[in-house]
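Residue-level listing of the chains:
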Amino acid sequence: MPMTNPYNLPSRDWRDIRLGTVDGLRPRPFLKPPPLRACVRVGPRECVRAVNSKRPVNLDLTTIKFPLPALTSIAHRITGVILFVGLVFALWALDASLSSPQGFEAVRETLATNFLAKIVAWGLLSALGFHFVAGIKHLLMDMDIGVELESANRKAQVTVVISAVLVVLAGVWVW
Amino acid sequence: MVNNITNFSRSGLSDWVLQRVSAVILAVYSVFMVGYLLLHPNLDYTTWSGLFENTAMRVFSLMAFIAIAAHAWIGLWTVATDYMKPTALRLGFQIFVILALFIFLVWGVQVLWGA
Chain A
1 MPMTNPYNLP SRDWRDIRLG TVDGLRPRPF LKPPPLRACV RVGPRECVRA
51 VNSKRPVNLD LTTIKFPLPA LTSIAHRITG VILFVGLVFA LWALDASLSS
101 PQGFEAVRET LATNFLAKIV AWGLLSALGF HFVAGIKHLL MDMDIGVELE
151 SANRKAQVTV VISAVLVVLA GVWVW
Chain B
1001 MVNNITNFSR SGLSDWVLQR VSAVILAVYS VFMVGYLLLH PNLDYTTWSG
1051 LFENTAMRVF SLMAFIAIAA HAWIGLWTVA TDYMKPTALR LGFQIFVILA
1101 LFIFLVWGVQ VLWGA
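Line order of the protein sequences matches chains A and B.
Take the first sequence: its letters are residues 1 to 175, numbered as in the working numbering.
Take the second sequence: its letters are residues 1001 to 1115, numbered as in the working numbering.
Calculated directly from the structure, the hints in this document are not laboratory data.
Where is the CB? At the ideal position from N, CA and C, for every residue including glycine.
One should not assume that every hint holds.
Stated by the list, open to error - Chain B regions said to be covered by chain A (calculated; three or more residues, Cβ under 8 angstroms):
1. 1016-1030
2. 1066-1076
As the list claims (entries may be wrong) - For the chain B half of the interface with chain A, some residues (derived, Cβ under 7 angstroms), not all of them:
3. 1045
4. 1052
5. 1079
6. 1104
Given only the sequences and the hints, what does the whole structure look like? Please build it.
Now the structure itself:
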């Protein structure tokens, strides 16, 4: 019977999965073949996990220690989402400030006196500052600058320090 | 190559390039806007609206708005596919993002050329 590739993987890989040889384990043929149909349904990744179920997987975030580059990467994502939400405030302010002299005064007045508006402006400027710095780091790493473990840590530290300075400066500017 | 995902361009490579090109545009625009506002602490309406009546500034702004839409879509698509496992939830979120960005773009064009 010709064997088709149900896992949508390069053929060597899915055959290894069936034999249980993933991750360099010794070939250990199954007495009973794994339920192929179920594997097709749940997809290749789940299949690998099911076949190697003796290998424990830890996905408990509270027990994982994140290295600094991981934390800055997560923060990059979070600030990105914040900036998406903040778009509506920024464009709303731009719209009002360009609509008429009264609109411009209203925006200036609000930013000068309203505490909530100041908090939003500061928060968005801070998110922009961090996202900007982390993005520059990303571009540098795309150019193969600082991709070793040591310099990756160093660059994450630099990202945090520069962003912290920008956050403080943004606060000074807003207040 | 994985092709069967609903990303921006059906190819991770062009998403990757687009994400970086839009990032550079947005970085330049951000630096310009922050710099302009810092250099004009006593900004008034005439100067401010004069800046945006300039065709070059309108084109620059529109370019930045389009870059925002592309950049935000690729970024939020990545986040959604990473963290939202149920298909209905992910699809709903992605439709919301597309609609929001579309409204943002139309609104942005209106701000730049309308009024």
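Inset, instruction - Check each numbered hint from earlier against the structure, then list the numbers of those it violates in ascending order. - result: none
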